[in-house]
Amino acid sequence: MEPHGRDLICTQDWSPDELRAVLDLAAEMKRDRFSDRWTSLLEHKTFLMFFFNPSVRTRLSFEAAATELGGHAQFMTPSAGRFKTEEQAGETIEDAAQVMSRYVAGIGIRILEDKVPYYGAGDEMVRQYAQWAEVPVVNMADDRFHPCQALADVMGWAEWLGGGPAQPDYDALRGKKLLLTWGSGALARSWCSVQAALLIASRFGMNVTLAHPPGYELDAEVTGWTKDNCSASGAAFEAVHDPESGYEGAHVVYSRNWVTPDAYQDGQFQKQAEIEKAMAYQGWTTTAERMALTDDAIFTHPMPVDRGSEVTDEVASGPRSAIYDVAENRLHVQKALMACLMAAGGDRNRG
Amino acid sequence: MEPHGRDLICTQDWSPDELRAVLDLAAEMKRDRFSDRWTSLLEHKTFLMFFFNPSVRTRLSFEAAATELGGHAQFMTPSAGRFKTEEQAGETIEDAAQVMSRYVAGIGIRILEDKVPYYGAGDEMVRQYAQWAEVPVVNMADDRFHPCQALADVMGWAEWLGGGPAQPDYDALRGKKLLLTWGSGALARSWCSVQAALLIASRFGMNVTLAHPPGYELDAEVTGWTKDNCSASGAAFEAVHDPESGYEGAHVVYSRNWVTPDAYQDGQFQKQAEIEKAMAYQGWTTTAERMALTDDAIFTHPMPVDRGSEVTDEVASGPRSAIYDVAENRLHVQKALMACLMAAGGDRNRG
Amino acid sequence: MEPHGRDLICTQDWSPDELRAVLDLAAEMKRDRFSDRWTSLLEHKTFLMFFFNPSVRTRLSFEAAATELGGHAQFMTPSAGRFKTEEQAGETIEDAAQVMSRYVAGIGIRILEDKVPYYGAGDEMVRQYAQWAEVPVVNMADDRFHPCQALADVMGWAEWLGGGPAQPDYDALRGKKLLLTWGSGALARSWCSVQAALLIASRFGMNVTLAHPPGYELDAEVTGWTKDNCSASGAAFEAVHDPESGYEGAHVVYSRNWVTPDAYQDGQFQKQAEIEKAMAYQGWTTTAERMALTDDAIFTHPMPVDRGSEVTDEVASGPRSAIYDVAENRLHVQKALMACLMAAGGDRNRG
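Chains as they are written, first to last, in our numbering: chain A, 2 to 352; chain B, 2 to 352; chain C, 2 to 352.
In case anyone wonders, no lab produced these hints; they're calculated from the structure.
Please note that the accuracy of each hint is not assured.
It does not matter which identical chain is meant; a pair holds if it fits inside one copy or across any two.
[What the hints assert, rightly or not] Below, simulated PhoX-like cross-link-like pairs (lysine-lysine); rule was C-alpha separation at most 25 Å, straight line:
hint: 1; residue 1: Lys228; residue 2: Lys85
hint: 2; residue 1: Lys278; residue 2: Lys116
hint: 3; residue 1: Lys278; residue 2: Lys85
hint: 4; residue 1: Lys116; residue 2: Lys85
hint: 5; residue 1: Lys116; residue 2: Lys228
One chain only, chain A, in its complex shape:
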């Protein structure tokens, strides 16, 4: 299976064919979840989940994915060891990654928010692990990217706009409009999910409208890639700065709270200050009234949903809400990803 032995840190690093290979396998796996075509692919193999930040959905879905492939996902946090930092003696990434590679068939890493000293430091660390590891490294969400969420997003949208559950039609996304809008709330969320969504949507030919209050700009390099992706496929990209105009004609509405570019100061994540800033922007909420302006759009969200702030209960639990299907797809895309990257060959752990 391809793309064997690679790392997945950002979808932008992969070719469209590689992304489609994973997504097509994910749909097959969803159609026939416990088929013996997959249940032995990771038999007796270990996937290491290294969580600098806690997680529910990511851990549950990766660990279940490994189990469904016949293997096992181990859970580890940095408190388990003495890792070298600027302040303390300890093990280097060179050593940690090379030893891990002797034991496991793949390594997943999650590092963002308060666990990094400046924006981008988490992504840099994931790439350092990938540099030293002899097995594939999967980004389970860093401060810049969340590629597994992006794959689950686009699979869910292609199901809802295409042939239904486990029948994603990726051609159905071409020329459709994604509204990705900032949402009110007190959660001070990182940029990884929304940036991953911008990149994958634009990669699959969607028109992208990005809406946020002034001062909530995302990573300029990522929005630049998004515009390039749109240009390459002849799709449109626009940015708006009010909470309503973007809904017009949308097919997919994605609302999500995120922090400002000033979220890191003096090596610290300024969570409380970001919550206070966000409080100034009430009313950036996806409501039924706003959804009525769209072209019968589905509602999507990477979860956890901050109901009442990012979106009303009526929309989140409504008939066009794709949130649970997208969440479920985390399992299927991650199974497919692990199968493509780690099964049967490509590293020293092969049988």
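Please build the complex by placing chains B and C on the supplied structure of chain A, with the hints as guidance.
Using the frame of chain A, we list chains B and C on its own:
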């Protein structure tokens, strides 16, 4: 297998036939622990263990049970996520339970003592998860009930008073006397295990004597159900308030420390105050002298045992101590329970 | 398989034949890592990992080992339960060990450094668990010994000085010189790894040179056994107290920071005081210049390596560094150990 797809929150919610179906399967599983009749029942399936409170026996036995059935039990604590509470924004039970249902074949929850703001709040939460989950929910101990402990208790007693290990005779329990007595000690334990024991003992036709110091009354609704169960089977129920009289003629002696009905104040579990109150009642200890008053009773306890306070070493390690057998039965009843509720069908996780 | 059903707390407790049985199986397992000769040996069985101290390598390698043998290793910390201590009521080792024995096929324990009140207390606790448990107990590092590290060490050295990866030649170690030297650094490490290395090296016929600053003596009983082992095989033992003379003619160089015999005071591990004492001894670093004095020695270390203090990057990442191979061997020796102790028989968990 029956009772497929149900939740188990309190044994009182189930019919006698349903309880016996689980218990009979548990005995078969104990007789032939690694038979291939069971070792694939949960193959590639995940059971989620959601622990608001820590646990040794419950975690060990559930996780081993899943492994012995060919599946995997995942360990999660609430610190893994951002769950909505009265004080903070976060994920609702509606969302959490529905997403979990996409990944796993069953959900176990433990919540009691200092993790709930008032008596009954834990049981309410478990029932909310059960309402929203699309897979079976198992109560792994809440502030009111501990049904898995109850099943292990009654299985152990029916072995000791019946045909021996893995040969429980539930008819042998009819008309036998259970003394369930408060025990001295500084552990401020919740009511779940003793209430679960009262309910199951009375359900299986035992005469029940409840002994405790004044002010240590249990949940009136639960003792009411216990009396009703006794009446229905023609058995006797009595309450005594001294540490010795109840031993007369007992066949099963169960001693255990527990808190007063005032344990929760102002939304907090008053552990230290409860320990101090309990210090006023020394001498509520099961001793060999008191055991000599019984009809050759066995000693039972849900563990961990507070030796020297609840019971003497002589009794806890003596020839009529059933404590390790009861503890072992946690494994077997939970295997049987998971097999009945989760194996082969009943939810979207079926192969 | 032999030595079935035993505990492994210190290699000195085992016969040479028993040690070789495990090592020979480990080499076979390394040569054919996923052979179906081993992948079902622990099928549906549980190994309990009880970590009083956190760990990366030990947890990763034990959990992967169990997975590769078809079983599952459960992770537990003492915070999971209410264990009896001198200060608080709780469960005794008698009870904990006997209940664990009902659920699992083997128990691993790690306890050292700040989790023990005086030197030797950790080893005493592991032996108490072994006394009460009905299943094998494996020392996953206590304050005196680290037998799994010792087995991995000697296997790695016998590969490098013998036939290469997975081709260890234990005869090649006879008469070779091990320099085990204290290393500079701020990690206040316990004695277990270095003491385990002294014992195993002397058991396999190596000449041993122990180098450390004055005041850094190890456990006199352990160095006594080491001298006895050397005498029995006609090998030499010497102690030196300068950072350089020991390198002369060495075949294996092992540098490692460790604490003084005064590390425990008033029931507490004096980490900060030990770090300050160690600061007085700069320059106890394994450098390329010092390695040039040896007989083309390999460099070995139990990891995590404190680069720049215990050893330079040039040596640790150099062509004669055996550190990753030794680390990898943790997996193989532990698989072999679990297979020998726990597979197919010897305890109540047998199928």
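Here's how the hints hold up against the structure:
| no. | hint | verdict |
| --- | --- | --- |
| 1 | Lys228 <-> Lys85 | neither (38 Å within a copy, 36 Å between copies) |
| 2 | Lys278 <-> Lys116 | within (21 Å within a copy, 32 Å between copies) |
| 3 | Lys278 <-> Lys85 | between (34 Å within a copy, 21 Å between copies) |
| 4 | Lys116 <-> Lys85 | both (14 Å within a copy, 22 Å between copies) |
| 5 | Lys116 <-> Lys228 | neither (30 Å within a copy, 49 Å between copies) |
Against the hints set out earlier in the document, violations occur for numbers 1, 5.
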